[in-house]
Structures are given as structure tokens and as C-alpha cells.
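Just so it is clear: in the sequence shown, position 88 is 88 by this note's numbering, and no numbers are missing.
Hints were generated in silico from the structure; no laboratory data involved.
Ideal placement from N, C-alpha and C gives every residue a C-beta, glycine not left out.
Where hints are given, some of them may not hold.
[Said to hold, decoys possible] Below, simulated DSS-like cross-link-like pairs (lysine-lysine); rule was C-alpha separation at most 30 Å, straight line:
hint, residue 1, residue 2
1, LYS46, LYS74
2, LYS141, LYS46
3, LYS111, LYS74
4, LYS36, LYS46
5, LYS85, LYS111
6, LYS84, LYS113
[Unchecked claim] The calculated label-pair distances, taken between Cβ atoms and stated as ranges, are:
hint, residue 1, residue 2, range
7, PRO88, TYR14, 47 to 57 Å
8, GLY103, THR27, 52 to 62 Å
9, TYR14, MET129, 53 to 63 Å
10, PRO116, ARG78, 18 to 28 Å
11, SER87, PHE51, 10 to 20 Å
12, GLU126, GLN72, 16 to 26 Å
13, SER87, LEU24, 40 to 50 Å
14, ASP68, LEU31, 31 to 41 Å
15, LEU89, TYR28, 41 to 51 Å
16, TYR14, ASP52, 41 to 51 Å
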Amino acid sequence: MPRIAKTQIHRDNYPATDAEQFYLRSTYVPLLDTIKSDITNRLSTKTLEAFDLRLLIPNIIVKLNDNDGWDQQKISKRIIAVAKKFSPLFTVSENVMVDMLEGEICLWLHKWKHQPITERPCTALESYMHCDEDMFSTIRKLLQY
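With the hints as constraints, model all of the structure from the sequences given.
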């Protein structure tokens with residue numbers, strides 16, 4: 001059992017009945033607090049919003065549209081919200097990029113709805129490889145990032 005002094009100068013004097021309780025309060029609980037705050041900082045709302053770019057993966061976008069009842073507007077709205085954060089990376093203005101992206105999403109969804117499930121890309125890399133640069137330039141750039 002660690003020594004408990006009457007007056008502690010350099011560190012806290014944790015009340016404990018045995019060694020396990022002492023180390024739990026002095027080491028384990030602060031460690032968990034640090035891990036929790038680190039995860040909270042790394043997975044902020046802004047970071048988690050970037051995961052909406054997964055909606056550009058054909059397998060996911062068609063499944064959400066068909067099975068889960070998401071309409072095209074809802075999907076477009078979520079993708080555009082993320083794309084606006086990446087707008088400084090585009091050569092065109094934000095308004096032009098949003099207009100182009102709306103049209104591309106409509107064509108992208110239509111294209112993959114008519115493909116058999118086995119031919120739809122399941123990953124971002126496969127989606128990027130199947131993305132025509134002339135027809136889906138904005139989607140291709142977003143998949144690239």
C-alpha cells in the first residue's frame with residue numbers, strides 16, 4: 001500500500017483503502033479522462049461531417065436511395081455541405097461548384113442505378129477509377145481527396 005502522508009506537497013493524496021483503489025484513482029481514471037478528451041478532439045463534428053463523402057460511393061448511394069428511402073435531394077444536400085468545406089481546393093467559385101455537383105450527383109446516381117449490383121464499386125478507390133473525368137469532374141476531385 002502506498003504511503004499516505006498528512007500533508008502532501010507534490011501530488012494529490014487520494015483517499016483509498018487499498019493499493020488497487022489508490023492506483024485506480026491516481027492513474028487509471030486520469031488516463032481514461034485523457035483518452036476521452038483526445039477522442040473528442042479528434043472526432044469533432046467537422047471531422048465527422050467529412051465522412052459524408054462516402055455517399056459518393058455508388059454501392060452506398062444507390063442502397064440509400066432504394067432501400068433506406070433517402071431521396072436525391074437529401075443525398076445531394078449532405079454531399080454539398082461537405083463539398084463546400086473543400087471549395088478552396090477547386091478552381092471555380094463555390095456557387096459554380098455547387099451547381100455542377102448537383103447535376104453530377106443526379107447523373108452519378110442515375111448511372112449506377114442501372115448497373116447490376118455486382119458491377120457497382122464498393123470502395124472510394126474503385127469509385128475513383130470508374131469516375132469519368134470529363135463527365136464527373138467535381139465528383140472525381142472529391143473522391144481524390
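Hint check results:
With a C-alpha separation of about 19 Å, the suggested pairing of LYS46 with LYS74 holds against the 30 Å cut-off. For the hint linking LYS141 to LYS46, the alpha-carbon distance of about 20 Å falls within 30 Å, and the restraint holds. Our distance criterion of 30 Å between C-alpha atoms is met by LYS111 and LYS74, whose separation comes to about 18 Å. A hinted pair counts as satisfied when its Cα atoms are at most 30 Å apart, and LYS36 with LYS46 qualifies at roughly 18 Å.
A threshold of 30 Å between alpha carbons decides the hint, and for LYS85 with LYS111 the separation of about 26 Å falls inside it, so the pair holds. Pair hint LYS84 plus LYS113 holds up; C-alpha atoms about 26 Å apart against a cutoff of 30 Å. A hinted range of 47 to 57 Å for the beta carbons of PRO88 and TYR14 is consistent with their spacing of about 50 Å. Here the CB-CB span from GLY103 to THR27 is close to 57 Å, well matched to the stated 52 to 62 Å.
In this structure the supplied range 53 to 63 Å holds for TYR14 paired with MET129, their Cβ-Cβ distance being about 57 Å. Checked against the hint of 18 to 28 Å, the C-beta distance between PRO116 and ARG78 comes to roughly 26 Å, which is consistent with it. Checked against the hint of 10 to 20 Å, the pair SER87 and PHE51 passes, with Cβ atoms roughly 18 Å apart. Judged by the Cβ atoms, the range 16 to 26 Å given for GLU126 and GLN72 holds: they are separated by roughly 22 Å.
In this structure, SER87 and LEU24 meet the distance hint of 40 to 50 Å, their C-beta atoms being roughly 49 Å apart. In this structure the supplied range 31 to 41 Å holds for ASP68 paired with LEU31, their Cβ-Cβ distance being about 39 Å. For LEU89 and TYR28, the hinted distance range of 41 to 51 Å is satisfied, since their beta carbons lie about 43 Å from each other. Distance hint check: the CB atoms of TYR14 and ASP52 are about 44 Å apart, consistent with the given range 41 to 51 Å.
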